[in-house]
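**Q** Following the hints, complete the assembly by docking chain B onto the known chain A.
Just so you know, the sequences run in chain order A and B.
If you read the first sequence in numbering that gives the first Met the number 0, its first letter stands for residue 0, the second for the next number, and so on.
If you read the second sequence in numbering that gives the first Met the number 0, its first letter stands for residue 0, the second for the next number, and so on.
In short, the hints are calculated from the structure, not lab data.
Check before you lean on any hint, since a few could be wrong.
For chains that are exact copies, the list does not tell them apart, and a pair is met inside one copy or across any two.
Said to hold, decoys possible - Capping the alpha-carbon separation at 30 Å, the derived lysine-lysine pairs in DSS-like fashion look like this:
1. Lys189 <-> Lys139
2. Lys7 <-> Lys189
3. Lys139 <-> Lys7
If you want the building blocks of each chain, they are given just below.
Protein chains: 2
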Amino acid sequence: MRVFREAKLVIASHNPGKVREIAELLAPYAVTVLGAAELGLAEPQETGTTFAANAALKAHAAAQATGLPALADDSGLAVTALGGQPGILSARWAGPDRDFGRAMARVNDELGDDPDRSARFVCALTLAWPDGDAVSVEGKVAGTLVWPPRGSGGFGYDPIFVPQGHDMTFGEMTPAAKHALSHRADALAKLVAACFADAA
Amino acid sequence: MRVFREAKLVIASHNPGKVREIAELLAPYAVTVLGAAELGLAEPQETGTTFAANAALKAHAAAQATGLPALADDSGLAVTALGGQPGILSARWAGPDRDFGRAMARVNDELGDDPDRSARFVCALTLAWPDGDAVSVEGKVAGTLVWPPRGSGGFGYDPIFVPQGHDMTFGEMTPAAKHALSHRADALAKLVAACFADAA
Numbered sequence: 000m001r002v003f004r005e006a007k008l009v010i011a012s013h014n015p016g017k018v019r020e021i022a023e024l025l026a027p028y029a030v031t032v033l034g035a036a037e038l039g040l041a042e043p044q045e046t047g048t049t050f051a052a053n054a055a056l057k058a059h060a061a062a063q064a065t066g067l068p069a070l071a072d073d074s075g076l077a078v079t080a081l082g083g084q085p086g087i088l089s090a091r092w093a094g095p096d097r098d099f100g101r102a103m104a105r106v107n108d109e110l111g112d113d114p115d116r117s118a119r120f121v122c123a124l125t126l127a128w129p130d131g132d133a134v135s136v137e138g139k140v141a142g143t144l145v146w147p148p149r150g151s152g153g154f155g156y157d158p159i160f161v162p163q164g165h166d167m168t169f170g171e172m173t174p175a176a177k178h179a180l181s182h183r184a185d186a187l188a189k190l191v192a193a194c195f196a197d198a199a
Numbered sequence: 000m001r002v003f004r005e006a007k008l009v010i011a012s013h014n015p016g017k018v019r020e021i022a023e024l025l026a027p028y029a030v031t032v033l034g035a036a037e038l039g040l041a042e043p044q045e046t047g048t049t050f051a052a053n054a055a056l057k058a059h060a061a062a063q064a065t066g067l068p069a070l071a072d073d074s075g076l077a078v079t080a081l082g083g084q085p086g087i088l089s090a091r092w093a094g095p096d097r098d099f100g101r102a103m104a105r106v107n108d109e110l111g112d113d114p115d116r117s118a119r120f121v122c123a124l125t126l127a128w129p130d131g132d133a134v135s136v137e138g139k140v141a142g143t144l145v146w147p148p149r150g151s152g153g154f155g156y157d158p159i160f161v162p163q164g165h166d167m168t169f170g171e172m173t174p175a176a177k178h179a180l181s182h183r184a185d186a187l188a189k190l191v192a193a194c195f196a197d198a199a
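Only chain A is shown next, with the shape it has when bound in the complex:
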């Protein structure tokens, strides 16, 4: 399998929360992380029907546009009692102004008094090179939804998600505590195991 050996990596995301988290998770690796927004990249339409397909779309588009390897994330919340929704529509439930207060309220409304509050966060990552090679992995974390939202850390649906075996929501945890548990950390660990050279 191809090994990642480049000095620069584009994070193919316009979501500052994701870019920050990925940069933090990649801190042990000798790589300069560039955000898609600072490179002036357009956001491709996320027309895939799975997290993995959307991550691949974004990674390949960014790698081709920049000539650099690009890492894209597509992730979201899959609620068991809602048949996996909002799923790949997790960001769209927040509307054009990315109002996740509204998105969390919608999840809570649609759950109503259903006793099954289980959910999981899923994170698909694709690392694509400009020549078309790519590696994709998927990470997950299981948990339970709470209401009202708690904490101001993280982003997205973090304030209503309590990971299995814990009491605090992702929104209440420090970044280090979340990184030890999260779907994104799980996916990145798989990606690093698959194709990153040893940490410096």
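**A** Relative to chain A, chain B alone:
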């Protein structure tokens, strides 16, 4: 890197020429190949802007729909003097009735008397597992375009493509001769090296 160890593999293509070629190329591996058409799979829209993105879209959709690992191919002809066209539109230039006689004539018309007849075939392959993991590779073969078309082997633009260092078009070659040279064989060799267990 994840190793492919499953007994069945879905070929996420409705193109019988591609399914046949991939089945032939995979003959040394102990794997039962199933075509997307025989499984009744819908063809997803190819909305990606690169071969690699389209291969990923198709592979992830088929893996999710079937619960089996799925291999998708997106490939085409990139003509130097046409700025890489038809590229990801290679199949669309053949129209809804997949008339590659028309598509080849269009390439020849657009080239006109341009002395640069160089082109390459590109093949992106994605192998996706139902859990979202995937590996993508890209294969290429350089060559020269001729007119009129010659030979009835292969499919697509094969009758006007003479691979570098050879005299016959892909359409004139035996399947074995084409498989020793082709972009699809190049891509599949990379994929096998990346993630197939040793041939039985």
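**Q** With 30 Å as the alpha-carbon cut-off, assign the pair lysine 189 and lysine 139 to within, between, both or neither.
**A** Both. Shortest intra-copy (11 Å) and inter-copy (29 Å) distances satisfy the 30 Å Cα cut-off.
**Q** Taking 30 Å as the upper bound on the Cα-Cα distance, should lysine 7 and lysine 189 be classified as within, between, both, or neither?
**A** Answer is both; intra-copy 20 Å and inter-copy 24 Å each pass.
**Q** As a check of your reading, is lysine 139 near lysine 7 (CA-CA no more than 30 Å) within one copy, between copies, both or neither?
**A** Both, since 27 Å and 25 Å are each at most 30 Å.
Hint compliance for this structure: no hint is broken.
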